[in-house]
Structure formats: structure tokens, C-alpha cells
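Trainee: For chain A, the structure is supplied; the task is to place chain B on it using the hints.
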Amino acid sequence: MEVKIQIPEVKQQWPNPINTIKIGATKEEGGTRTSTVTVGGETTLPFYHFEGKIPHPPVVAMEVWDIPGEDWPEAVKEPFAEVMHDPGEWAKRCVEYGADLICLRLKGCDPNGANKSPEEAAKAARRVLESVGVPLIIWGCGNDEKDNEVFPLVAEAVAGENCLLGTITEDNYKTLTALCTAYKHKLIAESPVDINIAKQVNILAFDAGFKLEDIVIFPSSGALGYGIEYVYSIMERTRIAGLKGDKAMAMPILCDIGIEVWGVKEAKAELPEWGDPRKRGPLWEATTAYVYLLAGADILIMRHPEAVRATKEAIRRLMGLDRMGGEGQ
Amino acid sequence: MILIGERINASFRDIKQAVLEKDKRPVQEWARRQAAAGADYLDVNIGAVSKKPEDMAWLVETVQEAVPTPISVDSTTVEVIKGGLKALDGRPVLINSTTADDRKLEQLLPLAVEYNASLIGVAMDERGSPQDVARRVENGAKIFAAAIEAGLTPERIFLDPILMPIKFMQAQAKNVLETIQQYTMLSDPPPHISVGLSNICSKAAERSLITRTFLVMAMAFGLDAAVCNVLDDELINAIATAELILNKEIYSDSYLQAFKMRAARLNLERRP
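Residue numbers (the numbering used here), protein chains in the order written: chain A, 1 to 329; chain B, 1 to 272.
Quick caveat, the hints were computed from the structure, so don't treat them as lab data. A couple of the hints might just be wrong.
Said to hold, decoys possible - Calculated pairs, DMTMM-like style, for lysine to aspartate or glutamate (alpha carbon to alpha carbon, straight line, at most 20 Å): (1) 244/A to 243/B; (2) 203/B to 178/B; (3) 11/A to 188/B; (4) 244/A to 155/B; (5) 248/B to 236/A.
Given the structure is predicted, the values throughout are model-derived calculations rather than measurements.
Just chain A, same shape as in the assembly (with noise of 0.2 Å):
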């Protein structure tokens, strides 16, 4: 006797797209950038492809600062070892290993450090917008009231560029959301690895006027252990809710890869037991990477050359590209 079972129709349809942002702004759109990014989009979860549609591939952003990254481990110094002097040089490096855009890490700003002005840091964005054509992301020190100082320089600077500044919290939000509006950028919203401060950073930035579709999620990024686990999951309920119609969660997410990735002892200590840390650091950083395209990442902050290339490979694969004869976005 023959028994037919049916499979039971899994596929789910969900209501609310994500949202679609794009980054950058060639000549005809009033920037100078020769290529721009557009991420978002999704109707479905990450690479469920059966079930809906994914129009954008994530991108990899990679990292340059306005001083050199003295406290770089070595294996990801190395690439850039002659290049961190100048961002402008370090940037065209990072798009010779196939950066999509360039994130402008204004390291050198931080009072408890270089302390470099608002004009240098102005000067740094200008340097980089000049020396290669990718859009730019540029990230503030992290020290809230020198960002605030100096992100009226650095929004003007870059002005008419498109570009996706941050980040803006819960406790600091407002100068920078109102030069993003002012100057027509995107931005970062960050939250401290917490759903609902990420729910809430986003409503903020939307009552000071701020519209919900320019904005990119940045639920903070782990490299490690419970780390990766604790955004993983926020991730996925993001998006979920995101998907079934909450709008101030149906953002683009953005993940912070390198800087945490060579920051854990794993990656980066030199302990020849563990392996070379050249081959560890840069499998470390690709593999971290690939986790958190598997949670919805669009766009993914990286350092090494090595673990861009194995990422944009693993970006192909999963986006059906190869098959379909490798055309990007």
C-alpha cells in the first residue's frame, strides 16, 4: 500500500517589508561618490529565499581611523602597516581589497587620546571622500560630548555625500539627529545590546523629526561566547517584529565586526599553541561575520583583507549569486 503524506506549506508571508536605504550620492545626485550601496529590503528572513525576497546582498564596510591603529594587533596592522599614516591612502587600500564602502572611524578625536579637533576630523573625512569613490560611514570617538562638537564640522564637511553617520543613543541623540536632517544623512542608532532601548533610541530620533526610513539599527556586536549569542537573538526578534509590521524595528541592521573581533584574546593573542594568529585572527573575523549575516546583517564594519574576501565569498553563496552568473546589486 502506498501512503501519500503531504508536507505541510511552511512558508509564512510577512506584511511589512523592511526598510530599503541607500548610501551615498554620485554627481547626479548632488555627492561625488562613483558608486553608491542600497541595503534593506528584505520581506523575509535572512536568505530564505523560497519564502521572499532579499532585492540587496549585506555589504562589507571596511574600517580606517583618522590616526594610525596603534593598538592593532599585528596580523591585521600588517595589511595596512604603510598606509595607516593617511586615511585617504588607507581608505584606497581598503577598497583595493573590495571594500563596498569605507567606515571612517574618528578614533583620533577621543579626549583621552589624540584629542584632534573638530577641523582635523573634518579634514579626515574630506581626505578620504577625496581619495576613493565608495560611500562613507563615519563613526564618532564614542566620547558624547567631543562627538557632539565635532560632528557639526565633520556633517558639513561631507555635506550632499549621503553618508551614514553615528551613532546616536538613548542619553545622545539630539545633535547629531538634527545635523543628519540638516545635511540629508543617515544614521546609526545604537542600543546597548538591549531590544527595547534599540526600540526606543529609534522613536526618539523619530520625534525629533527624524524619518524612521533613514535610520540603520546598530544593536552593539559581540565577538565572542555570550556576546554573539545575547545580539544574535535581538537580531532575530528585530527583524521578526520588524517584518510583522513594527516600524520603528524594520531597519537595516548594522554589525560592528573588526573592532570587536581583534579585541578577544582568541583572535588575536599570539600563543603558538593556537595557531598562527595570521591564519587564526583573520578566520576569527570571517567567521563572527558569517554569524551575523545568518541573524539579518546589511551591513558588516571589517578589518582584515583576508576575512572580507572569505565574507564577501560566503555573501555570494548565500545570495544564490554563483549560480546565477555573479551580478552584484
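Mentor: This is chain B only, laid out in the frame that chain A set:
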């Protein structure tokens, strides 16, 4: 929660007057206010003022001129409902309502199909309003089955277990809650479940408190739609809070604002 704004109803004196005098102003004022408050649908009802389909058509057109919000065409008379449906400009519509009466179902289901409308089915039959759970469930299930048979999906079916005034029929509120729970088990996904919320507090003191307490309890049982006063801030805040507690919305400190934000969003999205 699907919010159906109750205010454009000729049982209210100002709307009655407006319908009689064909004065658009009060109708459009209520349309705008309810839309701004986040109504998903605007209920439109000419009540006992008129039996003329063209009066319903006028009311629907008047609302459509003012706001892009979907409309709930509300009448006990099929011809009047038809008048409203014909006046529609293509926006989503809810027919309010059929009963479990065969003649009503035979007339209204084809209309729902023709206009791609959603349909409220009130758990009433030719014998009148049920006083127990069993008949409410029986009637609801009958409407549900007939609607599915006609080609409607569960998302387009709203079942109404009939809410009655707590002051006069105190035992019925609990029966309604139990019925709601039964309705949620009709299918997966279940149909929407809706009530005419203001019925509960008719002629009572503490109307607002009774209304929102019932609503929150009903939401816990599975209610997900209501014809109600969307301008009652305390009611809206209670709904927003109940959605948090039922884990339908992600908590944020500004969750009340987030709920109101949806009003702004709804109106932006519908802007042609």
C-alpha cells in the same frame, strides 16, 4: 489591534443633522480627527435617519474626500450597504455586517466577493441575539464556514460575538469573553474578532473605565478588532499596554508614543 472609528454614525446628533442637511463639514471633521488618532477603518452609518442608498453613498463620498482611510460600510439594510459600496473609490472596505441569517448571508457574501471586501459577521440569527455561548459559537461558525465557502480568507472575516450593556445584561459580558476564545480556535490563522465596544457601557456610570477594562480583558481572550471611540486617549493607552503584555509589541519606554506614531505612519502610507 484593528481600530474602527465609530463616530460617523447618524445616531449621533451632529451626524444626523449633517446627513439631513447634506452638510459635509462635521462628517469630514470627524473623519480627519479619527484618522489622525490612528483609525484603521472609519465606520460610516446613516442609522435610522434614512433608508436611502444614495444617502449612504453621499456619506461615503464625503468621508473619502477628506481622508484616505479605509471605510467600514455599516447598515442593517443590504440595499443601503450596496449604496455605500458603489460609492467607493477603490480603497479597502469592510462590510458591517451580515448575521447568520441565511437570507443575509446569501446577499452579502457575493457583495464581499465582488468588492474584495472584508466582512463583519454578527453572531445573531433569525431568532435574534443569543443569550449564551453555544449559540454565539454556532452562529459564528456558520458565518465563518459560509464565508470560507464563498472564497473569503480568514483574514477577511471578522466575527462579532455581540456585546451587550453591562448595566442591563450583566451575564453576557462573560459569555462574550468565552465566545471570543472559541472563535480563535475556528482556524489557523483565526478570523478577526471584533465587537461594537461602546455597547458595553450603554447608560452606565463610569463608561470609559468599563469600556477599557472590558477591552483589555477581551484582548487577553483573543479580540483583535473593535468599533470604538478612537479619540479616547485612555482607551488607546490601555490597548497599547495590553499589546505589550500580550507580547505583540516590543517594549520601549516610549511605547505609548510608538503606538501613536502608528497613526502618523498610517496616514503617511495612505497618502496617494
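Trainee: Taking the hints in turn, state whether each one holds.
Mentor: A quick look at each hint next to the structure:
1. 244/A to 243/B: 14 Å, holds
2. 203/B to 178/B: It is violated: about 24 Å lies between the C-alpha atoms, which goes past 20 Å.
3. 11/A to 188/B: 14 Å, holds
4. 244/A to 155/B: 15 Å, holds
5. 248/B to 236/A: 15 Å, holds
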